[in-house]
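Student: Below, each chain spelled out in residue letters.
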Amino acid sequence: MKITRTVTAALLGATLLASAASAKTLVYCSEGSPEGFDPALYTSGTTFDASSHPIYNRLVEFETGTTNVVPGLAESWEASEDGLEYTFKLRQGVKFHSNDAFTPTRDFNADDVIFSFERQWKEDNAYNQVSGGTWEYFGGMSMPDLLKEIVKVDDYTVKFVLNRPEAPMVANLAMDFASILSAEYADAMLAAGTPEQLNQAPIGTGPFTFVAYQKDAVIRYAANADYWKEASPLENLVFAITPDASVRYQKMKAGECHVMPYPNPADLEAMGSDEDINLLQQEGLNVGYLAYNTQVAPFDNPKVRKALNMAIDKNAIIDVVFQGAGVVAKNPIPPTIWSYDESTVDDAYDPDAAKAALEAEGVTDLSMKIWAMPVQRPYNPNARRMAELMQEDFSKIGVNVEVVSYEWGEYLSRSKELDRDGAVLLGWTGDNGDPDNFLAVLLGCDGVGKSNRAQWCNEEFDKLTIEAKQVADVEKRTELYKQAQAVFKAEAPWATIAHSTVFMPVRPEVEGYKVHPLGGHIFYGVDLK
Amino acid sequence: MLNFLLSRLMTFIPTFIGVTLISFSFIRVLPGDPIIVMAGERGMSDERYAELRAQFGFDQPLVSQYWDYMTGVLQGDLGTSFVTKKPVFDEFFALFPATLELSLCAITLAILLGIPAGVIAAINRGKFFDRALMSSALVGYSMPIFWWALLMIIFFSGWLQWTPVSGRISLMYFFDDVTGFMLIDSLLAGGNSISLFPFEADGPFFSALSHLVLPTIVLATIPLAVIARQTRSAMLEVLGEDYIRTARAKGLPPSRITYVHALRNAMIPVITVIGLLVGTLLAGAILTETIFSWPGIGKWMVDSIYRRDYPVVQGGLMLIAVMVMVVNLTVDVLYGLINPKIRKS
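These protein sequences, in sequence, are chains A and B. Heads up, the first sequence is in our numbering, so the first residue is 274 and it goes up one at a time. Heads up, the second sequence is in our numbering, so the first residue is 121 and it goes up one at a time.
No wet-lab data here; the hints were simulated from the structure. From the three backbone atoms N, C-alpha and C, an ideal C-beta is built for every residue, glycine too. Any given hint might turn out to be false.
[What the hints assert, rightly or not] Computed from the model, here is a short list of chain B residues facing chain A with C-beta under 10 angstroms: (1) F146; (2) R148; (3) L150; (4) P151; (5) E161; (6) D166; (7) R168; (8) A170; (9) M263; (10) W268; (11) A269; (12) D296; (13) E357.
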């Protein structure tokens, strides 16, 4: 039995934050428990917050607070002319963490990069099936189709060879699933017969080392003194798992934590006027939408879809459903993403014009279903309420709406069906800050019957997004994506509803915390006054 | 007594098989596919879906899946969580001590306050104390736990700052689990000090104790109300019996009549209720655990149902059912001890 690390001489008889300040311990009241600590095995942001952000690095990283891709474990990279090869020069002298069962004997090198990807990719890799590896993100980003081979050129040079040009490739490598693990640790755990330790006692190169996890209660990290960048000013980082948002707020007020995510919208006003809380905010990298089934009459007619869009009072939705914590969406990508077309003119809210437009198309006595998600998401905190508001809006133009819902798994699966009856409320949170991650995935012809819930396949739109994916020049890509957004707006396969605003309450003594547009909570670079 | 115990134990086997069958089929009857839930909005290709179905064994007939599951159970393998990829058995026993500790504290508080309150209400039937107590019990029983817990936190933790908001122990203290019971582990960790004049208590044990106060009160609220009401009505019934009148006529002191003659006989239905309450508490107090960030099995089970994490739901339900069966057996034994007639029958 030992009392360790965070327990210092100041331990007895002091309040937590008094002690925390002396030991520079930041307490983050997280919203849930991580599923594990190997980011490639999971898809939830809660798990990434606890694993990939504090413990690991990637070849390239998203600069905190932006979607810019900056060097990580790779010092530099270059793409071949044909866009089929990406060569990464690796950083030298990067140390892996150690724990009771493992002390690294070498620095990070190309073997770690190859191991980190091949375990997700190749079935003959000893780690492919460990911990029930399903590698959802690796598959979801089409990496198995995209990758031809990963070549170790030398100890500090790695080349990714692709089957086709893919402009978002580098951004993909900044995603959590592309975190770099230690091949040496993996070998050691395999030899010891405990390969699942990779997921339970993580070893990375990141700014914090993993100390302990008490399930559903606390995760503890200590600053990595050998970090390849400047060491974190914080000595300890503690995640106090607190599932209830009201309780997180009470803990912030009582000084039991310094930072909390996902406040209750109803508490925002009080937080804004609370001297003990700084309420940071940023527009989220997400979009909430209503997808019509464009393969079923009368929704196969763009004019009908446009007319319905004109009947939706989006401002009322922002007020009621988002309680003001969101902005009206006019494009299918959020304003924080490059290539967002500011010049797009949204369909004005005009029930009379909407009714007239419907009548002009010969649509009278229309009855339709609106599907409301049974779960809360940042892009739609209350789908049922949103659907009811739309029901009311549509009734004003003579459209009768039935609101339906299903269990979440059923909802996801049935909403993909080509002959689906009704328009579906859904949304998306960006993975890599690339417009392709929204436009091609959600609206491309390949996604019909899958992630393209509007079942919308438009030749012109598809051509533009495919071309944009294959050129490296960002200006050219921007131009193509703007054209694609114009096609989208004219065709209106969705009613774009809202982009939510992300609020982060932090205590005044916290310095340097930045709200990350990709949704992660990152504590490297944060300090306590 | 041995025959009585053996006959009770024999009922374990069919109940156990019934529980495994029910938990196995119920989670599968619920709409929702764990693989689709796992993939979320991102979805997956049909090939990948088929591959994962095969990997999880969902492509096998249900009978064969059940057979595989039971074979594992009989060998002590409850399967591995789809989500955390950890053995269900390990996860359960990492969390169960927290639930057990909180449940025991809550039920103890409920018994210690509920039985005397019921007795006092019964002997003061119709008087102010009885009415006040029974009205409070009704309020306690009807209280929305979520609201009640937040109210307690805002008042005691926020306003008075007497108790911590949530968790099991202050984050300052960090020691290895020995028993999983925080009160015991924090005592073993050492570093506790107490002085009476002026009163000061410091160290991990007192931190753990202070963290237990609010969740114990909140979790005990409903059981306390139920036990008080049950004790009152059982006492009223017994106090009207002929043998009590005889005891009074014999001139026995009222306290002896109440606490020895009446209470012992009134205890049978109360113990039944306590047994049922303990069973419910052991299944996890979902709301209390969620609000107080208490790392127990209640929230773990509910999350698993939402995620359609079949092995956790099956295994968790089975282990909880075993615990409840053990509690029921204990209650049966207690009946036997209190009332020899039951033992003989």
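Student: Indicate, hint by hint, whether the structure satisfies it.
Tutor: Going through the hints against the structure:
no., hint, in the structure
1, F146, "14 angstroms, violated"
2, R148, "12 angstroms, violated"
3, L150, "7 angstroms, holds"
4, P151, "5 angstroms, holds"
5, E161, "6 angstroms, holds"
6, D166, "9 angstroms, holds"
7, R168, "6 angstroms, holds"
8, A170, "13 angstroms, violated"
9, M263, "17 angstroms, violated"
10, W268, "13 angstroms, violated"
11, A269, "9 angstroms, holds"
12, D296, "6 angstroms, holds"
13, E357, "42 angstroms, violated"
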